[in-house]
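Colleague: In the order they appear, the protein sequences are chains A and B. Here our numbering = 1-based position in the first sequence + 127. Here our numbering = 1-based position in the second sequence + 51.
If you're looking for bench data, these hints aren't it; they were derived computationally from the structure.
To be clear about the criterion: a stretch of chain A counts as covered by chain B if any three or more of its residues have a C-beta under 8 Å from a C-beta of chain B, and this derived list gives those stretches:
#1 179 to 190
#2 195 to 206
#3 216 to 223
Across the chosen pairs, the derived CB separations fall in these ranges:
#4 A:Glu318 x B:Thr154: 56 to 62 Å
#5 B:Leu201 x A:Trp240: 18 to 24 Å
#6 A:Ala246 x B:Gly113: 54 to 60 Å
#7 B:Lys144 x A:Glu215: 18 to 24 Å
#8 B:Ala138 x A:Trp240: 31 to 37 Å
#9 A:Ala246 x B:Ala115: 47 to 53 Å
Computed from a predicted model, the values in this text were never measured in an experiment. Don't be surprised by glycine CBs; every beta carbon is placed ideally from N, CA and C.
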Amino acid sequence: MTTRPQHPHRLSVRDLTVSYQRIPALHHISFDAECGSAVALLGPNGAGKSTLLKTLAGLAPRESGTITFHGVEVKGASTDFAYLPQREQVDWDFPTTVRGIVEMGRYLRLGCWRRYGQADVVAVEEALNAMELKPIEKRQINALSGGQQQRAFLARALAQEAHVVLFDEPFTGLDKPTQDNLKQLLRTLREHGKLVLASHHDLASVSEIFDQVIFLNGELIASGPTLETFTQENIRKAYNMPVFSGIDHGLAV
Amino acid sequence: MDWLFKPFHDVFMQRALVACMLIGFTNGFMGGFVVLRRLALMADALSHSLLPGLAVGLILFGLAPGGLFVGGLVAALTVALGAQFLARGSRIKEDTALAILYTVAFSIGIIIMFKVLPHLKTRVSLEDYLVGDILGVSDADLWVTFGISLFIVPLLAFLQRPLMLTLFDPSVARSQGVKVSALNLVLVISLVFSMIASQQAVGVILLLGLLISPAATMYMLCDSYPLMVWGGGVLGMFGSCLGLLLSYWLNLPSGACIALVLGSFFLIAYAFSPRYGILSRLLRRRHFHEQSLARWPGKSAD
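Please build the complete structure, drawing on both the sequences and the hints.
Modeller: Take a look at the structure:
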């Protein structure tokens, strides 16, 4: 891959505000994240973690703000970003195999016209191997365990040649060995130079998985390297204050 | 043996068989998208909504296929888009809005037909619109059906990749730049086209069986999206012809026979599918139970 020194491998978000039906869910969020790192989105329920991921994926309309990746402004949907939804949202009875899921990552690049060629086969093979799915590539997706389902989607992101992986609560509902395996795979993704952004709930495991943390509470509480930013002070601020929603909607508790 | 080959010498039956092949394939092919996109209710609503459109087309343009065509398309799209509009602006969900609108449209259609048909110089009855009359298919009708098949099947085959992404997960597809709303519209319009092509043969009520049953059968049998779509087409073609022949040999209504044959294909697959059938599932559970017991020495299987 060619290096572009004038455009650092970085995702920059500036002054991002997102509203649902005129009620803002995220206020004036700004942060930077480098490729080759894993970023945790932390905060209480309703803090805007999923909203931020969806906005980066081009699924939620922005009210203001810019998103810049590799020095280029991202306006809407982009194949540089791979959004991995929460597992309950996926129709696991869809008639396809693990390999079929990964091949879908190539369809985006190919469009309707272009032939599925040798380069695509190679990319799919590499993605399957990187996510340790080769032995079960022919398995129907409804016969996968939770960890295998996530690996299949990660492999699809690799085949898509996405640079930013947006992950909504990847560790929720996985048992201990599967979590350990997923941690390992996130490390693999970082080594591939990917930027992983994941919403996360388990504060105890933040330090061992993520290089950077972003605390959200309707607005940005803090953002920075885990070592400096993952402090009791910031945790208290993010989780103990009521979620900021701009105006009082008459729903005083 | 003469009775077996007799239908193939009858010119009406020959035409009807060609119509069955075209309609069976196109509907079976489309059905895969409808089943995976969970549009079965929408399809039901669209098929009933055709009726007022056909009635108005009949008044304005007579029996010309073009007029019926435009009328049906306008009526079906009005109901489909109207339901989305109603659902967006209130707490009513889309399926509820759809059910209200299509019964209203269907009722309007029945009333117009009831008032208008007796005054037209035609032998067509309301029943023909509801359950179809495949033996009344003319050469012109066959050409229209052929044209529609020739339009829909290549179009959807061409859009196969983005459609697959959309069917699998619309929100993710949208995030990756797939034009999900446009593809949905293409699907609905293709659906209306294939329904208009089919209503003459099997009527607006039974055509749903042609659309859904072959795809649902393939869904029970296979784990591949292309196989489900193309296999649905082949199964629909085969089943429709078989239904038509049965109706000839047994002297029964053709549309009903076709829908029944396709429906029984599904029931057979539902019971006997090697992987997803209920019988094989019952057998498999027993198998696991014994495997589990085998891990504990000293216990027997009873």
